[in-house]
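Per my numbering, residue 4 is the first one in the sequence shown, and the count goes up by one each step.
Treat each hint with caution, since some may be false.
[Stated by the list, open to error] Derived DEER-like restraints, expressed as beta-carbon distance ranges:
1) E85 <-> T248: 40 to 50 angstroms
2) D232 <-> P156: 27 to 37 angstroms
3) D232 <-> R259: 13 to 23 angstroms
4) F111 <-> E85: 26 to 36 angstroms
5) E84 <-> R109: 33 to 43 angstroms
6) A263 <-> R104: 46 to 56 angstroms
7) K237 <-> R109: 33 to 43 angstroms
8) F111 <-> R259: 38 to 48 angstroms
9) D54 <-> F111: 19 to 29 angstroms
10) K174 <-> G239: 17 to 27 angstroms
11) W215 <-> D39: 32 to 42 angstroms
[As the list claims (entries may be wrong)] Straight-line Cα separation of at most 25 angstroms, DSS-like style, residue types lysine-lysine; simulated pairs:
12) K126 <-> K115
13) K229 <-> K19
14) K237 <-> K226
15) K227 <-> K191
16) K19 <-> K227
17) K191 <-> K174
18) K237 <-> K227
19) K191 <-> K226
20) K260 <-> K237
21) K19 <-> K115
22) K237 <-> K174
23) K115 <-> K51
24) K191 <-> K237
25) K226 <-> K19
26) K191 <-> K19
27) K191 <-> K229
Hints listed in this document are in silico derivations from the structure and should not be mistaken for laboratory results.
Think of the CB as a built atom: it goes at the ideal place given N, C-alpha and C, for glycine as much as any other residue.
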Amino acid sequence: MSEEKKTLPYLTPRFKPGLYNWDMFVGPRAGEPAIDFTAVDLEGNEVKLSDFRGRWVVLETGSATCSMYTKNIERMRALREEFPDVEFLVVYVREAHPGERLHQHRSFEEKKRAAALLPKKYKEHRRILIDSLDGQMHRAYGGMPNIVYVINPDGIVHYRCDWTHVEGLRKALTERDHIHPHEHADMKEINAQRSPWIAIRTMWTGGIIALWDFVRALPTIVKKHKLVDAFYAKYGRFRSRPDETLEELEREREERKTAA
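All chains, full assembly: derive it from the sequences and hints.
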């Protein structure tokens, strides 16, 4: 289904579905070493992922205009209480739905001010790490608006998902004796958790333009999600790099059939 360009722009002033490679999930997969990165917290301290070596870590990406992220905040609070030995972190990335009220970041200081909205506006309770302006962490870890990773104390990816799925995350944190390779969320279940009020309130943070761009793109978004569901059901995984072809995935699929 990959009709998108291999290299996509990052800091764009308005949302378009074509800004994402929907069937591609780059970055470390379950069982692979996590990529170290440096971010900055709201107090201005530099923080590296490797600083948390020896602990279980959950990384969730989000922004003040991403309702797929904001719908998770209270559920994540309960999960954090359930697993007090886990370090839960939010990595602030580009605005998912920028507009005239909150535009796409033009400087790191603007990005930091946008990140500071999360505790005030949405009662975010986790530590917030701000990605670089050009999205070094975000692009290295997949680039979708609301991805989630679980990293074990040895720095190995235990679980990841293209959209944060709290129940999938709970299962991965409960069952720590083996990696969890399934990395695609059930979109029907996720969308059922996102009320119209949450979606409108969050995108209104961006403004009328953000709401308009989303409504205009909604038929395409629905189509993309259905295509991704079918793609993952067929191949059992996403493309993991821009130059990976469908022929490679088909060959891998046939090999799995033969092995079974």
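Violated hints, by number in ascending order, as checked against the structure: none
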